[in-house]
Amino acid sequence: MIPLLSLQRITAGYGEISILKDVSMELFSGQIYALLGPNGGGKSTTLKVCSGQLLPTKGELIIAGKVMNGSEPNALARAGICTIPEGKGIFPNLTVRENLLMMTSSGVSIEAIEEVTYRRFPQLSSRTNQLAGTLSGGEQQMLAMSRALSTNPAILLLDELSMGLAPLIVGQLYEIVQQIAEEGVAILVVEQFANIVLEIATTAGIMTHGKLIKEGIPSEIQKYLKHAYLG
Amino acid sequence: MNEFLNLENVSVYFGGHIAVNEVSLAIDPGTITGLIGPNGAGKTTLFNVISGLLTPSSGRVLFADEDITSLAPHKRARIGIGRTFQKLELFNSLSVIDNIRVSLEISNQWNSSRTEILGSNISSEIDRILDLTGLNSVRNSMASEIPTGQARLVELARALVLSPSILLLDEPASGQNDEETESFGLLLRELCDSGISIFLVEHDMSLVMNTCDLVNVLDFGSVIAKGTPEEIQEHELVIEAYLGFKKR
Amino acid sequence: MTEFITFTVVGLATGAIYSIASAGLVVTYTTSGIFNFAHGAIGMFSAFLYWQLRWDDGWGGSWPAPIALLFVLFVAAPIIGIILQIVVMRGLEATSETTKLVIPIAVMLGFIGIANWVWQGAEQRIPKPFFGRNAKWSIGDAYITWHQTIIVIVAVLLAVALRFLLFKTKIGITMRAVVDNTSLVELNGGRPNRAALQSWAIGSILAAVAGVLISPLLGGLGVLALTLLVVNAYAAAIFGKLRNLPLTFIGGLVIGLSVSYWNWISSTGQKWPWLSELRTTLPVVILFFVLLLLPQEKLRGSHAATIRERFAVPSIQASLVWSSIFVVVVSALSLIITDKWESLLTRGLTMGIIALSMVLLTGYAGELNLAPLAFAGIGAISAFQFDVGSAVETGPGFATLIVLLAISFGVLVFPAFGLVRSRLFFAVVSFAFIVFILVVFFDGTTGTGIASRESMSLSGLVVAALISGSIGAVVALPALRLRGLYLALATFAFAIFVDRMVYKQRETLTFDIPLIGDNEDVSINIFNNGALNIPRPNFWRINFAEKQWAMLIFVSIIFCIFSVALIQLRKSSYGRQLTAMKDSPAACATLGMNMRRLKLSVFTLAAAIAGFGGALHASNLRTIQEDYPFTIWEGLALFMLTVVGGIGYVSGALFGGIIYACAFIVMGDFWGKLAEDWGSFRWLFTFLQDFFLLLGPALAGIGLGRNPSGVGSQIFDGFRILKKKDHRTVLVCGSSLMILSWFFRVIEVYNGWVFILTSLPILFLMPLLAEARDRDVKSRNDTLIEMAGIEYDFSDEFISYIDAELSITSDFNVDERNTLNE
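Protein chains in written order, with the working numbering: chain A, 1 to 231; chain B, 1001 to 1248; chain C, 2001 to 2822.
Since the hints were derived computationally from the structure, they do not count as laboratory data.
It cannot be assumed that every hint is accurate.
Stated by the list, open to error - Cross-link-like lysine-lysine pairs, in silico, DSBU-like; alpha carbons within 30 Å at most:
| id | chain 1 | residue 1 | chain 2 | residue 2 |
| --- | --- | --- | --- | --- |
| 1 | B | LYS1087 | A | LYS58 |
| 2 | A | LYS21 | B | LYS1075 |
| 3 | B | LYS1087 | A | LYS226 |
| 4 | C | LYS2778 | C | LYS2723 |
| 5 | B | LYS1087 | A | LYS211 |
| 6 | A | LYS214 | B | LYS1087 |
What the hints assert, rightly or not - To be clear about the criterion: a stretch of chain A counts as covered by chain C if any three or more of its residues have a C-beta under 8 Å from a C-beta of chain C, and this derived list gives those stretches:
| id | region |
| --- | --- |
| 7 | 68-79 |
| 8 | 89-95 |
| 9 | 102-111 |
Said to hold, decoys possible - Calculated Cβ distances over 12 Å to all of chain C for the following chain A residues:
| id | residue |
| --- | --- |
| 10 | GLU98 |
| 11 | GLU115 |
| 12 | ARG120 |
| 13 | ARG127 |
| 14 | GLY133 |
| 15 | GLU182 |
Remember, predicted model here, so these are calculated numbers, not experimental data.
We put the beta carbon where it would ideally sit given N, CA and C, even for glycine.
Take the sequences, apply the hints, and build the full model.
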């Protein structure tokens, strides 16, 4: 089986500063890979490389066996990579329905998207004409997640899903993530809050100072966590 | 009162988003106080409130028992609050030495009593600061061309020439390697001993745990814990804040 | 009541047009972050095109209105917008504020150039209103034309249509989404670039609608008048903070109505004659004040650090050496060039001095100013009025005024140099005293202006600088809190204000200085009859009035003095503080800097330099007119070319000035001469002549405006290699050859063409030769002789490096997504 997403010796950064140094990782269908580590360790940068928002200076981004360095993020998105960015996965000045309409660029009809979204998150259905920015944090994140649910991606990249959310809602969201994975989607989760992801992850890695210092099954990773975060 | 920087119930809202929620903090003179917390917890926002780049939605900022909540940023600098920035704010068109020189010149304009002292001694003062921060080797490089770790030191040096009574450092160690961070910790201690109080936001836990006298933990815009580094390391809420929630 | 209705309808109609135009501006600004200065010019161009199709005697001319409208609004305008977006504006998002400003300005000048080119001649072009001039209906006794009715209806329809587009269609929603979060649109699979294209097409259509609707209200079509008219809409856009469409529409109406009501109460300017031009100026006055009231961005940790604009500073020694070389070269040239070239070069240099004010203000301090020539014009007028002009009684009143000006100038500028209390007092007093002595002893204080004096005196120039500087301070004072685009727009408004209210002023204004003289100490007829005669200087018995070469050398020396002074200033504590303020205002604040004071001083200083240069420029030209040489358009062109030359460098000012005053004229002349000599290719050469004359500056701006460090410094860098010791032979040989060539020309062995053809190649060959030698030496050191001809193996790493550098990747398209999903 070839990995859906594979990073080969990626070095990347902004300007002359390299954030990622020689990072390699693989992500298979149905897998939930939890990328953990303290702030500034390079997790979000890894995600940006995967989604095409950042061109690596060295190394290869391989998707379904093809080298994809330099593809535009919108091309990758239409090709089936769904990225939910950190904390701002929605358009705050657009209504809920307009937000859903923006997801149709992936090729799925608005009816299908609305159907899936409102079935999964009934509370959004009563707020179709409300500005997304006025939703509660949890509802905003649900709206963002509905893209992952309704546009049938092959790869799902999640950045700090839990940021600013109450624990209960985070739990719900990650249950949904687990269900998406069961449908065969390859999922890369970047999280600072480790414990909750480790429960659903199939693989986990710890990243500090731009390097993947540890990779393995969640129970094994858990032991290293406190050290990595609090010194 | 010997607590000289006081935040009283400071809150900051961005639109509907609560960035800082009812934070009360006190910095004691002659200490290094740490401020840690996960991404987006509101640390830099709090710094902006203290240095005047941001006016809090509610609450007060007191400095030496005076209300400075609505004082202009440059006036806060003049009463002794210096700071550095997380996103570097160097004068990129100037060399390292000129970055320091210009700060000295700016401060000479408002600190006229010092003009007499410095006058011709400007270059020796610059040399002292360069030695102190260990920037002598790059003194003539352009500020935009030195590595981030050293650029952070330039920001520190720039703030130091004001002879501030309190120094706000926003992630000064990011971009530094372990060795640099270690000597940076020693430098902070040295500065503190010379009478400058330090308020430190930092992600590098080794620096925080090794140098701070007291650590505040910010999460979701609120202070969830205060204590010595040892206490913080074992504090349950803190571990939870960093590692995530126990699933119910 | 009838009057009220009439003026209200007129106001509503023009206001509606402003609303339409500004809506277009808002649409493009929000989706692309670029303030389209060319917006007005697009409207102007469309109006001309419509006229061409409907009424011209030649091509087009008889198209029916609906077809002509369809063509202009829905074919030509969108194409213009799309081409602009693709060719010019794309990729400007991540550039510096100056670049974002300069490129659209260049485009605007380009449109003006094209329009002047295509629609040449003094022919009156009069567009008719819809359904003719007599189609009207009435409310009571007030007549309302159908054209006015149509304007209002169109505005309402467009407002509804825009609302529908932005809120009910995928295109519009995507455009709004781009405003919210561009990268998220991409992550959604949307194409922000396409949304930008669409918004530019729409913006351009709206500009065209406004242009076509407004042109019949003007009488005859005029390129500049039409462009400026749509510029009035900028104020409306600012009403809506460049974002909010409903507010923008309201803003347009407010402006239209204010102008109309002003015309009513002032009986179109007859009640207060000296304010008569306010009817055309009111919108920019509103623009200025709306800008001031706008809440400003807070200082925050900037993200501008991604843009690296760095300007190296030459040493004082180097600047002195270069200055001497420059003066020597100019003197040498003056021996072999004709009067015409001499006068062009002189103009270039005086413009260069004005451009130096921008180097200080924009290059060093990072403050944008689109009104350099307004200050220059004020300087020239001041020199005329106070020194040589007939209007001012030079007496105790004059001396007092000058001393007061000198004191205010000193108080504004000196503290920024670190002078405080007693030292400041001392410095200001001595400065005022020096100025006083200068005025009294060099010019005397009796007699009146031009009758008694036939030459520009030093004190005239000083007065020009002082007055212009003071006005700079007055303008800057309210604008101190503005930055970036808003500051640029405020200064732009000021430039238009000066264009209208000062240059077109025909009234005599009288002021009284308390306690001194009679009740009319200063009575000024600002711009007598649309032209002022300003004499050349005269000292050391050199007759500058007749000897252009003397003027040229004199001006080049002045330019060098100013340049060296500026470089010295940049290296001083003051210059460092300016640079610091430019690099990071936030850091400056946290270091305790009071930026307002610094800004005020640098504005004053820059305006003073511009005023000095302006007076000198005017004196070289001998006359200035209301429409030459200090208009807003020339000012924009000079600003643009100085940016092209490198606004952070003194050399940029030189480049900007020279290019502005000579290069395109010289190129045009060159083709013009060829057209004369080669009759059969006349059409081609005439075409090229017009091309360079009319479009040269704009194309230079579009092509080179993105280069942050400027062309001037790059040329200098190219020659820097000659400084090396190894290349001394090249330098010496080259220079000697050029001197020889110059000598042959002086003794008239050959003509100017041969001189150019011999010396220019030598000049440009020198650095190339030096580089070639360097490479030769280097390769000899690099390769061992045994290795010659042996190839390297490419390692995998090297190949992948090359792949990454060249962005070689495999293609990946939508079809393959399905395979991926399976």
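Hints versus structure:
Annotation: proposed proximity of LYS1087/B to LYS58/A holds, straight-line Cα distance about 25 Å (limit 30 Å). Annotation: proposed proximity of LYS21/A to LYS1075/B is violated, straight-line Cα distance about 43 Å (limit 30 Å). For the hint linking LYS1087/B to LYS226/A, the alpha-carbon distance of about 27 Å falls within 30 Å, and the restraint holds. For the suggested pair LYS2778/C and LYS2723/C, the alpha carbons sit about 18 Å apart, so the restraint of at most 30 Å is met.
With a CA separation close to 22 Å, the supplied pair LYS1087/B and LYS211/A stays within the 30 Å bound. Distance restraint check for LYS214/A and LYS1087/B: the Cα-Cα separation of roughly 29 Å lies within the 30 Å cut-off, and the hinted pair is therefore satisfied. Restraint check on the region 68-79 of chain A versus chain C: 12 residues with Cβ-Cβ distances below 8 Å, three needed, restraint holds. Under the rule that three or more residues need a Cβ within less than 8 Å of chain C, the assignment of the region 89-95 of chain A holds, with 6 such residues.
Coverage of the region 102-111 of chain A by chain C holds [criterion: at least 3 residues with CB-CB distance below 8 Å; count 6]. Annotated as non-interface, GLU98/A brings its C-beta within 12 Å of a C-beta of chain C; the closest such distance is 5 Å. For GLU115/A, the condition that its CB be more than 12 Å from all CB atoms of chain C holds, with the nearest at approximately 18 Å. Every CB of chain C lies more than 12 Å from the CB of ARG120/A, the least distance being 18 Å, so the non-interface label holds.
Its beta-carbon lying about 17 Å from the closest one in chain C, ARG127/A satisfies the requirement of being farther than 12 Å from that chain. The beta carbon of GLY133/A sits about 9 Å from the closest Cβ of chain C, which is not more than 12 Å, so the claim that it is off the interface is violated. The Cβ of GLU182/A sits about 15 Å from the closest Cβ of chain C, beyond the 12 Å cut-off, so the non-interface label holds.
Hints 2, 10, 14 from the earlier list are contradicted by this structure; the remaining hints agree with it.
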